[in-house]
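A.B. asks: What follows is the residue order along each chain.
Number of protein chains: 2
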Amino acid sequence: MSSPLLDHLIEALRCLPGVGQKSAQRMAYHLLERGREGGLKLSAALAEAIERIGHCELCRDFSEEKICAICASNSRERSLLCAVESPADRLVIEQATGYRGRYFVLQGRLSPLDGIGPRELGLDRLATRLADGEVKELIIATNPTVEGEATAHYLAQLARQFDVHPSRLAHGVPLGGELEYVDRGTLAHAFGSRIEVER
Amino acid sequence: MSSPLLDHLIEALRCLPGVGQKSAQRMAYHLLERGREGGLKLSAALAEAIERIGHCELCRDFSEEKICAICASNSRERSLLCAVESPADRLVIEQATGYRGRYFVLQGRLSPLDGIGPRELGLDRLATRLADGEVKELIIATNPTVEGEATAHYLAQLARQFDVHPSRLAHGVPLGGELEYVDRGTLAHAFGSRIEVER
Numbered sequence: 001m002s003s004p005l006l007d008h009l010i011e012a013l014r015c016l017p018g019v020g021q022k023s024a025q026r027m028a029y030h031l032l033e034r035g036r037e038g039g040l041k042l043s044a045a046l047a048e049a050i051e052r053i054g055h056c057e058l059c060r061d062f063s064e065e066k067i068c069a070i071c072a073s074n075s076r077e078r079s080l081l082c083a084v085e086s087p088a089d090r091l092v093i094e095q096a097t098g099y100r101g102r103y104f105v106l107q108g109r110l111s112p113l114d115g116i117g118p119r120e121l122g123l124d125r126l127a128t129r130l131a132d133g134e135v136k137e138l139i140i141a142t143n144p145t146v147e148g149e150a151t152a153h154y155l156a157q158l159a160r161q162f163d164v165h166p167s168r169l170a171h172g173v174p175l176g177g178e179l180e181y182v183d184r185g186t187l188a189h190a191f192g193s194r195i196e197v198e199r
Numbered sequence: 001m002s003s004p005l006l007d008h009l010i011e012a013l014r015c016l017p018g019v020g021q022k023s024a025q026r027m028a029y030h031l032l033e034r035g036r037e038g039g040l041k042l043s044a045a046l047a048e049a050i051e052r053i054g055h056c057e058l059c060r061d062f063s064e065e066k067i068c069a070i071c072a073s074n075s076r077e078r079s080l081l082c083a084v085e086s087p088a089d090r091l092v093i094e095q096a097t098g099y100r101g102r103y104f105v106l107q108g109r110l111s112p113l114d115g116i117g118p119r120e121l122g123l124d125r126l127a128t129r130l131a132d133g134e135v136k137e138l139i140i141a142t143n144p145t146v147e148g149e150a151t152a153h154y155l156a157q158l159a160r161q162f163d164v165h166p167s168r169l170a171h172g173v174p175l176g177g178e179l180e181y182v183d184r185g186t187l188a189h190a191f192g193s194r195i196e197v198e199r
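Chains as they are written, first to last, in the numbering used here: chain A, 1 to 199; chain B, 1 to 199.
For reference, chain A alone in the conformation it holds in the complex (with noise of 0.2 Å):
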């Protein structure tokens, strides 16, 4: 008995992650009662950005121009790239680490049983990458999951066949975790790769 546009608006604000009926009616109502200029600012952005974001040639991250800023830019370390599983994955370590190399952005991970393989993941095109000489080093930051493992194997390989020297993150116990609470693999994997303290 609702509005048919409102009943569609709602249903459609259901396509963002973790946005059920209940979160969809208040945004929708939100929007509706006090937020009508930013509504139409996100609808315009939106429709912007979905037609005009596609993928850098390079590393395949998100981009609206061919090249990427970053694959672009003159200040980044070209023997170094790291490889991520997805966008995401890139902005974190952009965020967090002070890396000034570059990336190449899988966009998934293997996974024969989904159809995902090294075409998918553009792993021809690493390839021609790391043929060229310039990389010296793969930085392998697939997630810590089966098929992130998986994935972090080939590469490895893959960069080997290069010449390139590959490396992956650090596992082990988290800055300012309680040991208590680290599951056990992660403790597991931490006590068997314990570093010799310095003096």
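Just so you know, these hints were derived from the structure itself, not from any lab.
Do not take every clue at face value.
Remember, identical chains collapse to one label, so a pair may be satisfied in a single copy or spanning two.
Listed next, the in silico DSS-like pairs over lysine-lysine satisfying Cα-Cα at most 30 Å (straight line) [to be verified]:
1) K66 x K22
2) K41 x K136
3) K22 x K136
4) K66 x K136
5) K41 x K22
6) K66 x K41
Small disclaimer: the values here were computed from a predicted structure and weren't measured.
With the hints as your guide, set chain B onto chain A.
C.D. replies: Okay, now just chain B, sitting in the frame of chain A:
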């Protein structure tokens, strides 16, 4: 160093209630990675809703028609009118109760300090409706806040002017709630307005 259009989208998503920087990022990446179709639909639904949804001339609820579906319906009791603060309140009453009367949506509550008086709540229009003699009972369903109570008091007086019987939602201990966790004000009210147990 990210894509400007992507930054713009993330910023625009923050107009949604309860969405901060992190959630906005997650939403933007999700839409670009896996939800482009849904995103385009959302953009269109948003623009259309904001452009075309106005207020019903009778009840002030959201509606793309001059008169909303509930006000236009012939199967609704004409002698009952329920005053609520917002369209969201109307929706929950519609969903939770078997109410078959009509509504009046104040789109706010009396708040003189914020410049919200009877005129802003459309009480002149409410008075016209009460004056024509069709409405016999005005169910006042404002929120149990200070301003909501003040609004309720004002509405009750208005109703009496036109010989309309005002009523309010019952206050008390929520069903399924435990006394231990009910706030003091509610408990005191429920205690004071205790009801004799029927035989």
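A.B. asks: Please go over all the hints and tell whether each is borne out by the structure.
C.D. replies: Tested hints:
For a Cα distance limit of 30 Å, the shortest separation of K66 from K22 across copies, 27 Å, qualifies, whereas the shortest one inside one copy, 40 Å, does not. For the homomeric pair K41 and K136, neither the shortest alpha-carbon distance inside one copy (44 Å) nor that between copies (45 Å) is at most 30 Å. Within a single copy, K22 and K136 get their C-alpha atoms no closer than 51 Å, and across copies no closer than 33 Å, so neither meets the 30 Å cut-off. For the identical chains of this complex, K66 and K136 are intra-copy neighbours only, at 25 Å inside a copy versus 68 Å across copies, given an alpha-carbon limit of 30 Å.
For the homomeric pair K41 and K22, the shortest alpha-carbon distances inside one copy (23 Å) and between copies (19 Å) are both at most 30 Å. Taking the shortest Cα distances, K66 and K41 sit within 30 Å of each other both inside one copy (25 Å) and across copies (26 Å).
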